[in-house]
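Given the sequences, and given the hints that come with them, work out the whole structure.
Per our numbering, the very first residue in the sequence shown carries number 1; after that it's consecutive.
I should point out that these hints are in silico values taken from the structure, not numbers from a laboratory. Since the structure is predicted, the reported quantities are computational estimates derived from the model, not experimental observations. Backbone N, C-alpha and C fix where the C-beta goes; we use that ideal spot for every residue, glycine too. Everything hinted at is true.
Distance ranges between label pairs, derived from CB positions: (1) A163 with A26: 33 to 41 Å; (2) M1 with A152: 44 to 52 Å; (3) V32 with E76: 18 to 26 Å; (4) A156 with R75: 13 to 21 Å; (5) P4 with P60: 39 to 47 Å.
Under the rule of at most 25 Å between Cα atoms (straight-line distance), these lysine-lysine pairs were calculated in the DSS-like manner: (6) K24 with K63; (7) K96 with K116; (8) K58 with K77; (9) K41 with K116.
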Amino acid sequence: MTQPLNADALNQLFGNARTHNFWKDAPVSDDVLQAVYEQTKWAPTSANCSPARFVFVKSPEAKAKLAPALDAGNREKTLTAPVTVIVAADFEFYEKLPYLFPHADARSWFAGNAEKIASTANRNTVLQGAYFIMAARALGLDCGPMSGFDNAAVDAAFFAGTAVKSDFLINLGYGDAEKLFPRSPRLPFNEACQIL
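Have a look at this one:
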């Protein structure tokens, strides 16, 4: 039986974790980025479809490519982040199902069914993006997930000629906790939940 995480681990993942907008001048190594993905990939998706694709925007050239797509209010915090992750969905994910889900003909469940492809790709990409945030926090990184950008411009710059489309961005690095604003409230259990 799996044991619950201790309070320190839970606080690192949830209780004390915050969305960061300001970053320390500390790089994030490629090895750390790979380690985050290596944890993320094990988390479940429907039929193990794994449609998320992650583009790590680190270099000045890549940041310059991303910059025009950012809303004005998101530009500075994104361009000063050590890494910005484009979380995107591969709408041809089902082509990999013979490898990812070999015990059934799962490819046939999707091929030619645009509505099912879209709903499955979108739902599971967001799920994998959330797993990515938890993995990044578990490995000591801070995150700043956001929308507030022109998806079509990002897709043209980074995914032209492919079946991949951006969903959201995650700024990644080591946050400057001194510049956090007070934490916003959350809904209490009885307003957000039901036990039936």
